[in-house]
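Visitor: Construct the entire structure; sequences and hints are all you get.
Protein sequences, first through last, are from chains A and B. Take 1 as the starting number for the first sequence in my numbering and just add one per residue. Take 1 as the starting number for the second sequence in my numbering and just add one per residue.
Hint data in this document are derived by calculation from the structure and do not stem from the laboratory. Be aware that one or more of the hints could be misleading.
Just so you know, same-sequence chains aren't split out, so a pair can sit in one copy or run between any two.
[Claimed, not checked] With a Cα cut of at most 35 Å, we get these calculated DSBU-like pairs of lysine-lysine:
hint	residue 1	residue 2
1	K393	K96
2	K393	K246
3	K246	K446
4	K287	K509
5	K446	K509
Residue strings, one per chain:
Protein chains: 2
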Amino acid sequence: MLHGHSILNGCSTPGNGPVFSAFNPAVGAPLEPLFHSASVADVDRAAQLAEQAFVVYSRVSGRDKADFLRRIAENIEISAPELIDRAHRESGLTEKRLQVETVRTANQLRMFAQLVEEGSWVNACIDLAQPDRTPLPRPDVRSVLRPLGPVAVFGASNLPLAFSVAGGDTASALAAGNPVIVKAHPAHPGTSELAGQIVARSASQCGLPAGVFALLFDAGTEIGAALVQQPLVKSVAFTGSLSAGKALMDLAATRPEPIPCYMEMSSTNPFIVLPEALDTRAAQIGKDLYASFTLNVGQFCTKPGLVFLPHDHSADVLIAVLAAQVEAADTSVMLTEGICRNYSSTLTARTGHNGVEVIARSNASNESGGASITPTLLQTDGTDLLNAPELAKEVFGPATLIVRYTDREELLALARALEGQLTATLHASEAELAAHADLVAILERKAGRLIVNGYPTGVEVCHAMVHGGPYPATSDSRTTSVGTLAIHRFARPVCYQNFPQSALPDELKNPNPLGIWRTVDGTLTRDPL
Amino acid sequence: MLHGHSILNGCSTPGNGPVFSAFNPAVGAPLEPLFHSASVADVDRAAQLAEQAFVVYSRVSGRDKADFLRRIAENIEISAPELIDRAHRESGLTEKRLQVETVRTANQLRMFAQLVEEGSWVNACIDLAQPDRTPLPRPDVRSVLRPLGPVAVFGASNLPLAFSVAGGDTASALAAGNPVIVKAHPAHPGTSELAGQIVARSASQCGLPAGVFALLFDAGTEIGAALVQQPLVKSVAFTGSLSAGKALMDLAATRPEPIPCYMEMSSTNPFIVLPEALDTRAAQIGKDLYASFTLNVGQFCTKPGLVFLPHDHSADVLIAVLAAQVEAADTSVMLTEGICRNYSSTLTARTGHNGVEVIARSNASNESGGASITPTLLQTDGTDLLNAPELAKEVFGPATLIVRYTDREELLALARALEGQLTATLHASEAELAAHADLVAILERKAGRLIVNGYPTGVEVCHAMVHGGPYPATSDSRTTSVGTLAIHRFARPVCYQNFPQSALPDELKNPNPLGIWRTVDGTLTRDPL
Numbered sequence: 001m002l003h004g005h006s007i008l009n010g011c012s013t014p015g016n017g018p019v020f021s022a023f024n025p026a027v028g029a030p031l032e033p034l035f036h037s038a039s040v041a042d043v044d045r046a047a048q049l050a051e052q053a054f055v056v057y058s059r060v061s062g063r064d065k066a067d068f069l070r071r072i073a074e075n076i077e078i079s080a081p082e083l084i085d086r087a088h089r090e091s092g093l094t095e096k097r098l099q100v101e102t103v104r105t106a107n108q109l110r111m112f113a114q115l116v117e118e119g120s121w122v123n124a125c126i127d128l129a130q131p132d133r134t135p136l137p138r139p140d141v142r143s144v145l146r147p148l149g150p151v152a153v154f155g156a157s158n159l160p161l162a163f164s165v166a167g168g169d170t171a172s173a174l175a176a177g178n179p180v181i182v183k184a185h186p187a188h189p190g191t192s193e194l195a196g197q198i199v200a201r202s203a204s205q206c207g208l209p210a211g212v213f214a215l216l217f218d219a220g221t222e223i224g225a226a227l228v229q230q231p232l233v234k235s236v237a238f239t240g241s242l243s244a245g246k247a248l249m250d251l252a253a254t255r256p257e258p259i260p261c262y263m264e265m266s267s268t269n270p271f272i273v274l275p276e277a278l279d280t281r282a283a284q285i286g287k288d289l290y291a292s293f294t295l296n297v298g299q300f301c302t303k304p305g306l307v308f309l310p311h312d313h314s315a316d317v318l319i320a321v322l323a324a325q326v327e328a329a330d331t332s333v334m335l336t337e338g339i340c341r342n343y344s345s346t347l348t349a350r351t352g353h354n355g356v357e358v359i360a361r362s363n364a365s366n367e368s369g370g371a372s373i374t375p376t377l378l379q380t381d382g383t384d385l386l387n388a389p390e391l392a393k394e395v396f397g398p399a400t401l402i403v404r405y406t407d408r409e410e411l412l413a414l415a416r417a418l419e420g421q422l423t424a425t426l427h428a429s430e431a432e433l434a435a436h437a438d439l440v441a442i443l444e445r446k447a448g449r450l451i452v453n454g455y456p457t458g459v460e461v462c463h464a465m466v467h468g469g470p471y472p473a474t475s476d477s478r479t480t481s482v483g484t485l486a487i488h489r490f491a492r493p494v495c496y497q498n499f500p501q502s503a504l505p506d507e508l509k510n511p512n513p514l515g516i517w518r519t520v521d522g523t524l525t526r527d528p529l
Numbered sequence: 001m002l003h004g005h006s007i008l009n010g011c012s013t014p015g016n017g018p019v020f021s022a023f024n025p026a027v028g029a030p031l032e033p034l035f036h037s038a039s040v041a042d043v044d045r046a047a048q049l050a051e052q053a054f055v056v057y058s059r060v061s062g063r064d065k066a067d068f069l070r071r072i073a074e075n076i077e078i079s080a081p082e083l084i085d086r087a088h089r090e091s092g093l094t095e096k097r098l099q100v101e102t103v104r105t106a107n108q109l110r111m112f113a114q115l116v117e118e119g120s121w122v123n124a125c126i127d128l129a130q131p132d133r134t135p136l137p138r139p140d141v142r143s144v145l146r147p148l149g150p151v152a153v154f155g156a157s158n159l160p161l162a163f164s165v166a167g168g169d170t171a172s173a174l175a176a177g178n179p180v181i182v183k184a185h186p187a188h189p190g191t192s193e194l195a196g197q198i199v200a201r202s203a204s205q206c207g208l209p210a211g212v213f214a215l216l217f218d219a220g221t222e223i224g225a226a227l228v229q230q231p232l233v234k235s236v237a238f239t240g241s242l243s244a245g246k247a248l249m250d251l252a253a254t255r256p257e258p259i260p261c262y263m264e265m266s267s268t269n270p271f272i273v274l275p276e277a278l279d280t281r282a283a284q285i286g287k288d289l290y291a292s293f294t295l296n297v298g299q300f301c302t303k304p305g306l307v308f309l310p311h312d313h314s315a316d317v318l319i320a321v322l323a324a325q326v327e328a329a330d331t332s333v334m335l336t337e338g339i340c341r342n343y344s345s346t347l348t349a350r351t352g353h354n355g356v357e358v359i360a361r362s363n364a365s366n367e368s369g370g371a372s373i374t375p376t377l378l379q380t381d382g383t384d385l386l387n388a389p390e391l392a393k394e395v396f397g398p399a400t401l402i403v404r405y406t407d408r409e410e411l412l413a414l415a416r417a418l419e420g421q422l423t424a425t426l427h428a429s430e431a432e433l434a435a436h437a438d439l440v441a442i443l444e445r446k447a448g449r450l451i452v453n454g455y456p457t458g459v460e461v462c463h464a465m466v467h468g469g470p471y472p473a474t475s476d477s478r479t480t481s482v483g484t485l486a487i488h489r490f491a492r493p494v495c496y497q498n499f500p501q502s503a504l505p506d507e508l509k510n511p512n513p514l515g516i517w518r519t520v521d522g523t524l525t526r527d528p529l
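Guide: Structure follows, in structure tokens:
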């Protein structure tokens, strides 16, 4: 049941901003219903409701937050057919892909549920008083992580379920105890409204204040900008383009009260193959690398977009395998016509660059219209890339640039010249890895995640995952947007000095009523005091 | 042995910028020698040396970093008489106070030494591979905190030892594995040079690359600005004024690659007394509060600068006790003549404000010259403060503003109107605390540290300490500059996927050779795998 309306205070709320439609990118046709953009007054109302909800929600127990997150997961599973059908029509992504994404969305909600139910994530620290210490007694000092306040979340176009309305940012912000206001991505408003209804209904079913969640539509950028500048909003999470992300970063930094922002923006995900690995597995790497860079029509933030290969015969084998697959590729539908146009124009600019040659294009005729495109394989030399760093910028879509390096020294120089990345991949024998510790050390500083003999697409949702990296991959290299560590983006430590037991949060009370791990006088323990 | 020169590559290095002198604020006379400002080329050289040192220092074991930090502590203790003598002459702080600060400086270096020697601070996470998982196998994913890169540290004027060249920011940045470049505070350049020589000598004694530490002098702001903008610098820590801190924040945010910055800037440290506590302890609170707001001549960032009292007789008693001490106070010497002038002019502006009255001034004649001043006690009403929020801004020096509140509702409104703070203090009976959970909840969102029935000055250096808070107290409420948690400012998680054991950092190897706590498949353990 789509109304085309924002969700405020748990209710479908018509906005008085411009109307817009979702489009089916496969055929270029608009989809029902019309969506109504929210107004700046709606932003203020959502923020006030979120602030009121914070008073209650920030005190909700880990168990009750877990119930809420699990309820959202269950309701997503119940509505999965409807969500997947709408997302398929709005995004052009395959139903199979969206099925996987639905499972991931529910799983990550349950992962955060488990984390907050267990409760130790709050990093409780207790330093006991030492009244007899000289020259001065030591006070009783205790600290615990507390939620920041209302969080603004900007849904991503390429993961309309797992990184949108009920996705990873929303899940981690809610898990930390913060109300969430989502600015829906205009490319999948119907999917957003369905997911928004699910979150709002789950809050109601769990007896939580309706202000804990809001969904705002906007055809343009006004509502997003107003949201980031709203004084009651205390943090921002965003997944999208570098230009949009940087604009929001600047807004967050120039507020009267600057706030933490977590933008996941741009990554070309360097993929480096060393000679021994290449000699052993050239054809297999070519096969798997093709699957990785064209997965989801090349629209993953972890798509390997720069492939470093030496000038030798095995590299030619790998390239031939890649090229054959590119040439045989059928057309695919991108997320939106805008993204499709951008892919084409960026490719045109790249191929017009001195030193860049097109190795392979698809033979498929692209007459299907809409947002259909085919993959492309480009090549350049290490020296060309060093001289034209703009070639290393992200191309969003199924293209990758092979960079031929002459020797180890040039490879190190190329690695040093990289910007911040979400991932960096090395294909190497164990002996090569040992002999390239310097290369690994460079890549450690460039990327959030290093992969050996694997592929960067497919981001495991787990405790050790780091889906982050230095700018411009993200706005804050100290954080991740995937995995349990993501919850730490939305919390800050608060310290309680000389508080009586009755006034302390449960996490810090002597008997350890929650049974969590705590650092007591510097030692981790679950014991009561 | 002072040369008046910056320290680069472990050596005294004359700069070609403007010369300047330290001043003895007690008498207003310059001190020998002349100090030579560094040049922008020196900034670049320091950054390049730091970057080279990072390659080695970022791989140094926790034990070896601990040796380095302890060596600095020992060398500070050896040179304590010289340091204290110079700091006393440059800052006007008492030798007794500086003795305490020397102990604190050495202790916090040793605290970080112990932390990195134990090693669990790196938050090692391991999610083991599940090759048989369906539909897709799970890869082996492991993550650990790694240092950011060269850190720029700006020394504070008011803690010339504990938060300057070898102070908390430097100690935590070095502990995390980062080279440090200190911009010396021009108010205590001699103390800075002595401490810088100690750090440089300690690095040499420990066989570390000289680029791990540099000290740069500057009479103005050019060197600091260049340092924050230097591309190889990856993080900034600063303690000082809001205006200087915000200017550096803006520089850090507008770099081509924005970097994390940790500015500790401005706090008035609200001090709230509830009626029952007041009735029981009015005179004692008056006595202790006077000591707290005049400690270090009111030049602590945690000075209680806003004192909320009800309109009742016990409050009059408290005020009378405060007033008597203010009137009897002798003159004291501020850190610099500039700070002294600023204190006087800010006070003049405050006392000229409608609704602000001077309750007490010292009877001491202030003819000693230099940077001598006396304490001042001001009073206003809750409604006046709500109407003129500028009255709640920090006054750096021994003044405090009593705010009389009419009732609980007005007190809550006053609390809600507060800006971000380092601390908030409540004097209350246990019953009052329980009845004011709403007030505590408001203060939790305003301050990094809440204190019950105590005083905010005196910041314990321990695991649970949070010396931080929402803007404008600091630039990043998720962090602390005091206590072991401060190390997390200078590290970021890096993830290793499918790495062979031989290529993993020791922290992540199966046998757990360092014996640290690790999160393995979500469970904390020190067991080998």
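Visitor: If the cut is 35 Å between Cα atoms, do K393 and K246 qualify within a copy, between copies, both or neither?
Guide: Both. Shortest intra-copy (15 Å) and inter-copy (31 Å) distances satisfy the 35 Å Cα cut-off.
Visitor: Within a copy, between copies, both or neither: which one fits K246 and K446 at a CA-CA cutoff of 35 Å?
Guide: Close inside one copy (19 Å) and across copies (28 Å); limit 35 Å.
Visitor: Can you give me the call for K446 and K509, within, between, both or neither, at a CA distance of at most 35 Å?
Guide: between (42 Å within a copy, 22 Å between copies)
Visitor: For K287 vs K509, is the C-alpha pair at or below 35 Å within one copy, between two copies, both, or neither?
Guide: For K287 and K509, the Cα distance is within 35 Å only across copies (31 Å; inside one copy 57 Å).
Visitor: State whether the alpha carbon distance between K393 and K96 is at most 35 Å within one copy, between copies, both, or neither.
Guide: within (30 Å within a copy, 58 Å between copies)
Hint check: no violations occur; every hint is consistent with the structure.
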